[in-house]
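Use these hints to put chain R onto chain W, whose structure you have.
2 protein chains.
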Amino acid sequence: MILPSLENIKEAHRRIKSYVHRTPVMTSTQINRISGAEIFFKCENFQKVGAFKFRGAMNAVLLLKEEEVREVITHSSGNHAAALALAAKMAGMKAYVVMPRTAPSVKINAVRDYGAEITFCEPTQKAREEATGILMEKTGARLVHPYDNFNVICGQGTAAVELLEEAGELDILIAPVGGGGLLSGTSTAAKGLKSNIKVFGAEPRNADDAYRSFTTGILHPSVSPKTIADGLLTSLSELTFTIIRKNVDNIFTVSEESIIEAMRLIWERMKIIVEPSSAVTLAVVMENPDVFRGKKTGIILSGGNVELSELPFNQLS
Amino acid sequence: MILPSLENIKEAHRRIKSYVHRTPVMTSTQINRISGAEIFFKCENFQKVGAFKFRGAMNAVLLLKEEEVREVITHSSGNHAAALALAAKMAGMKAYVVMPRTAPSVKINAVRDYGAEITFCEPTQKAREEATGILMEKTGARLVHPYDNFNVICGQGTAAVELLEEAGELDILIAPVGGGGLLSGTSTAAKGLKSNIKVFGAEPRNADDAYRSFTTGILHPSVSPKTIADGLLTSLSELTFTIIRKNVDNIFTVSEESIIEAMRLIWERMKIIVEPSSAVTLAVVMENPDVFRGKKTGIILSGGNVELSELPFNQLS
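Read top to bottom, the protein sequences are chains W and R.
Heads up: the first sequence is residues 1 to 317, going by the numbering used here.
Heads up: the second sequence is residues 1 to 317, going by the numbering used here.
Simulated from the structure, these hints should not be mistaken for laboratory data.
Among these hints, one or two may not hold up.
Copies of the same chain look alike in the list, so a pair counts if it fits in one copy or across any two.
Each computed SDA-like pair below joins lysine to any residue, with the alpha-carbon atoms no more than 25 Å apart [stated by the list, open to error]: (1) Lys226 with Glu68; (2) Lys89 with Ser28; (3) Lys296 with Ile218; (4) Lys89 with Thr27; (5) Lys17 with Arg269.
If we strip away everything but chain W, and leave its shape as in the complex, we get:
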């Protein structure tokens, strides 16, 4: 199995640079005071399509275009779908997208707006993969998997490259982990740039397949996870699991309450909108203050696509 290298990620960065936003790195005096850490937030919620996923999709699509591929397909709970749809549109290609019928309407609308053809399926990994397989046979479109894809992983790693360029020497870098594409790219980039940096994965306790896989050394699939962090429902692949075992120092799991509280903290103090999957990272800091106290900590805020009519804040107040 060939794993991505820092050089692959740097190549991806050069390739996609003119297509992606260089998102800001934000800090919050108040969150630093509350958490005791010194946090640098890489705001991929401001990325095109509102999520880091655009980086990986754009990298994969540009490489397929070089091969003269004209149609791409994927299955995704949302952000990767919008990302592939827009990347294909920008590259002059057609995109097919298989989405669970339970995906937030804001995500469905985004995919439609970017001109992709949507097929709905049941909200299970199996149903997604089956529907995708059928559609691939029918159309001949090339699969761009949301995370089990070398070039997607390289694209995702470019956010960490920018964060480390801007924030300088970090002690710790945290990324959320669902299928593991972001954490794979992030950890490869970070360890390549600074061998003694600690890289942590952040995962909902209610969807702790990556944590269980990491601690046991055996790939555990995600079994009917129930979490507000709807971007983190998927399971690691052999590829992402291998990269994560090699590069990641630890995976922390957090409660649903911590995720909502962290999300509220970011919204209220930073005045930016992040989705629950992003807030899982800050929740790790808040649940483990001793690990992060006084540490320069980078956090990848993965995205900002939330259904505004279904916010969790009422439940707590």
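Same frame as chain W, but now just chain R:
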């Protein structure tokens, strides 16, 4: 009556520069596409205390400090209160704040966190002024009025100075109007820097005292306004009315539905949190597309303090 000049605002800018955030100017391809205008958003929701009000408060407090004043007092529905509390704290002064008992708890907590002493009153302008008068007599603290104050107005104008520096030649500049402090400072700065720029006030139709005053030439007080834009409930003063009549080209009023829709648009597309009072500006653009089509339009997003457990989005979906 002495009115502030561009030079006064530039002096204020030099005075407060090292205390305030230079907030970013953001653009949104999607909102430009939807509105037909080319909009530059000055993001004062990222200002200290989450609102432009910090600029005016800091300017007034620094000038009072030069006079060796040690205690300040104000009445405010929220943002000015937090602003004065923090400005006083940063200047080593004590702040008293009279707040309506209906103010959002997020705003009350912010004022408390900054160390000000709070006195609650009924949510009417008369009750506020009475409570403030009693407290002033008792303590000898100096009043820093939220908008009927020369130095506060000069401070508020500094956001427009930064916006025009950064966005270049604008055709139109819009600011929300409540008591008129922001619109007074904004219009003075804008007309001073570019005499042919159009400056518009944005006001909820349900709190249209500035509109009625502007169109009739007679100062109308705000009578029991009911709007989601809780920062715009106050009435113009003689000072702000005089400045607005001199410098402002028009005041547009908008419906509550438009305010909520504009707020949703900003949250969903820009991934930033703005309060309803800020969204009134974009609502003006959306309700009057012919006025803004193809125009380079500056918008002051005045603040980002909202009660997350009482959001209006459910009502519409």
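Tested hints:
Neither within a single protomer nor between protomers do Lys226 and Glu68 lie at most 25 Å apart by alpha-carbon distance, with minima of 40 Å and 60 Å respectively. Taking the shortest alpha-carbon separations for Lys89 and Ser28, only the inter-copy value of 19 Å comes in at or below 25 Å, while the best intra-copy value is 36 Å. Taking the shortest Cα distances, Lys296 and Ile218 never come within 25 Å of each other, neither inside one copy (32 Å) nor across copies (57 Å). Taking CA atoms no more than 25 Å apart as the test, Lys89 paired with Thr27 passes between copies only; the shortest distance there is 22 Å, against 34 Å inside one copy.
With identical chains, the CA atoms of Lys17 and Arg269 are at most 25 Å apart between copies only, with a shortest distance of 22 Å across copies and 30 Å within one.
Going through the hint list in order, the structure does not satisfy hints 1, 3.
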